[in-house]
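Taken in order, these protein sequences are the chains called B and W. Note that the working numbering numbers the first sequence so that position 5 is 15, with each residue one more than the last. Note that the working numbering numbers the second sequence so that position 124 is 265, with each residue one more than the last.
Read the hints as simulated data drawn from the structure, not as lab findings. Treat each hint with caution, since some may be false.
Some chain W residues close to chain B (C-beta under 10 Å, calculated; not the full set) [what the hints assert, rightly or not]:
#, residue
1, 156
2, 174
3, 203
4, 260
5, 262
6, 272
7, 289
8, 296
C-beta: ideal position from N, C-alpha, C; glycine also.
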Amino acid sequence: MAVPLDYFVILSAFLFAVGTVGVLVSRNLIVMFMSIEIMLNAANLALVAFSRRQMLMDGHVFVFLVMTVAAAEAAVGLAIIISLFRNRESINADQLDLMKW
Amino acid sequence: MLVFSVAAIIALASAVMVITVKNPIGSILFLIMSIMAQSVLYIMLSGLFLAAFLILVYAGAILVLFLFVVMLLNIRYADLGADKLGKLKPLAWVFGAALLGELVWVTMGATSTLGEVDPLFGSVPAVSRLLYGKFVYPFELTSILLLVAVVGAVIMAKREW
């Protein structure tokens, strides 16, 4: 095991930044959702790396819980997207101003 | 080291492709690729249970759900409509770079090489003993979370507004 821990953590930082830029840049709701999944995965990678460092498996349980939350979030979010698409015929985030003002 | 570099480059490059590619189906497939590479990284960190779980749950369930929705909605990516961001778009990349710099700055200097590890670390029996022992209440609560999510998804998708 020649790879130092901070390589994994820095990779996780890179992935998190990519996810953030994805949320900011894209106007497609589905791509925004996928960027959120990238950010969750980046956090998971950091958790796994740190739990390997500490030799504690508690981090693995946290990753398990985060994945469950991600699944629930994807199910509800995609249902919202379907519902929006049926009403607005669009998944562009700029056109969804129902709750503005 | 070679395995790490290849997996890291694939994970990062496909994550960038997810947000740059125009076709949503393409971004879903790139996200699956990124997750496969991350699963290799989990194995390198001896998280065997999580590596299998990542592929099963993310690539197998969540992203197939995304794929279903994209196909269900039949979005032609030409008619996504006008982009109101316009000139502000480069600013998003600047913010992303700033965030990246901050994160890397924080994690710098935390150098530590990973030592020897117990062969059972991260294996299915070890993690599940923790799940059903120390963390049994959070674990059971996730079932309620999933139930609420299922009911909420059905209500959101079926209701007539």
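Okay, the hints, checked on the actual structure:
no.: 1; hint: 156; verdict: holds (5 Å)
no.: 2; hint: 174; verdict: violated (12 Å)
no.: 3; hint: 203; verdict: holds (5 Å)
no.: 4; hint: 260; verdict: violated (13 Å)
no.: 5; hint: 262; verdict: holds (7 Å)
no.: 6; hint: 272; verdict: holds (6 Å)
no.: 7; hint: 289; verdict: holds (7 Å)
no.: 8; hint: 296; verdict: holds (8 Å)
When the structure is compared with the earlier hints, violations turn up for hints 2, 4 and for no others.
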